[in-house]
Amino acid sequence: MNENLEDQIRGALRRQDPPEGFAERIVHQAESARAERREALQPGLRRLWPAATLAATSVLVLSVSIEYRAVRQERIQEERAGRQAIQALRIASEKLNTARNKILNNNVLNKE
Amino acid sequence: MSEADAFAALVRQHQSMVFSMAYAFLRDRSIAEEVAQDVFLELHRTLPVLDSPAHIVNWLRRATAHRSIDRQRRRRTWLRFFWPMEQAPEPAAPAAQGDILLSGALRQLIASLPDKPRLVMILRYQEDMEAAEIADVLNMPLGTVKSHLQRSLKLLRDKLSRYGEISI
Chain A
1 MNENLEDQIR GALRRQDPPE GFAERIVHQA ESARAERREA LQPGLRRLWP
51 AATLAATSVL VLSVSIEYRA VRQERIQEER AGRQAIQALR IASEKLNTAR
101 NKILNNNVLN KE
Chain B
1 MSEADAFAAL VRQHQSMVFS MAYAFLRDRS IAEEVAQDVF LELHRTLPVL
51 DSPAHIVNWL RRATAHRSID RQRRRRTWLR FFWPMEQAPE PAAPAAQGDI
101 LLSGALRQLI ASLPDKPRLV MILRYQEDME AAEIADVLNM PLGTVKSHLQ
151 RSLKLLRDKL SRYGEISI
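For the protein sequence lines, the chains are A and B, in the order given. Heads up: the first sequence begins at 1 in my numbering, then just goes up one per residue. Heads up: the second sequence begins at 1 in my numbering, then just goes up one per residue.
By construction, these hints were calculated from the structure, which means they are not laboratory data. Idealized CB from N, CA, C, for every residue including glycine. Just to be clear, a hint being listed does not mean it is correct.
[As the list claims (entries may be wrong)] Label-pair ranges, simulated between beta-carbon atoms:
#1 Arg47(A) with Gly104(B): 21 to 29 Å
#2 Pro50(A) with Val57(B): 20 to 28 Å
#3 Glu133(B) with Ser63(A): 56 to 64 Å
#4 Gly21(A) with Ser147(B): 36 to 44 Å
#5 Ala6(B) with Gly21(A): 36 to 44 Å
#6 Arg10(A) with Ala132(B): 15 to 23 Å
#7 Arg73(B) with Leu54(A): 15 to 23 Å
#8 Glu42(B) with Arg14(A): 19 to 27 Å
#9 Glu133(B) with Arg14(A): 15 to 23 Å
#10 Glu31(A) with Leu50(B): 13 to 21 Å
#11 Glu42(B) with Asp17(A): 16 to 24 Å
With the rest of the complex left out, here is chain A:
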C-alpha cells in the first residue's frame, strides 16, 4: 500500500526539462556577467594606478631620506668621536710635556 503510494509520488514528481534553449541562455548570461566583471575590474585598476604609483614613490622617497639621515647622523658621531680622541691625545700630550719639563728642570737643579 505504502510502496504503491511512494511509486505514485515518484511518478508525479518525475523530472521535467526546462524550456527549449535554457542552457544556451544560461551560458550566454554567464559569459556576459564574466565580461562585465572583467570590465568593471579594469577601470578600477586604471583608477588605482596613479595612486599606487604616488604611494610607491612616497615610500621610496621616505625610506631614502630616513637612510640618508641615519648615515649622516652616524658620520657626525664619528667625526665628533674623532675630534674628542684628538682632544684627549692633545691633553695627554700636554700633560706628558709638562711632566717631562718638570723632570728635566729637577735634574738641572740637582746637578747645580
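Knowing the structure of chain A, use the given hints to seat chain B on it.
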C-alpha cells in the same frame, strides 16, 4: 573543450534536476526557470572551488533548495501585501473536481505541504535521495527528515483516500 563549452555541458547535464526541483516546489514554470537560472549563474561563479562532480550535484541541490524557499517567502510577502490572507485560497485546498489525474492531485497535495516537508518529499521521491543525504543537503537532523517523510506520506494517503479518487 573551452571553459564555456564545459559549463554548457554541465548545465545540460543538470538542468532537468535543478528546474524540476524548483518547479515541484514552486509550481510555477517561469519562476522555477528564474530560480534555476540564478542557481546556474551562481554555480558559474562558484565552480572554481567545487572539486568533484559529486560536490557539484550536492551544491546544486542545496542551492536550489535554499533559493526555492527564499523565492517562496518573497512571493508570500508580495501576495500578502496585495491580497489579504482572508481572501487567499487555503493552501491545502482539495484538488478541483475536474482534476481526476492522480499525478496532478498528488502534485497539488505535495505543493500544499509546508516548505521543509515539501522539500524533503521532493528530494526523496524526485531525486531518490536517502534520508541521511537529505539531512545533509538541508542541514537538518536525520530524525526530523524521517518524521517529515512519515507525516507527509500519512497526510497524502489520508487526503487521497478522503477524496475517493483512488483506493489506496
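Check your understanding: What hint numbers does the structure not satisfy?
Key -> 1, 2, 5 and 7
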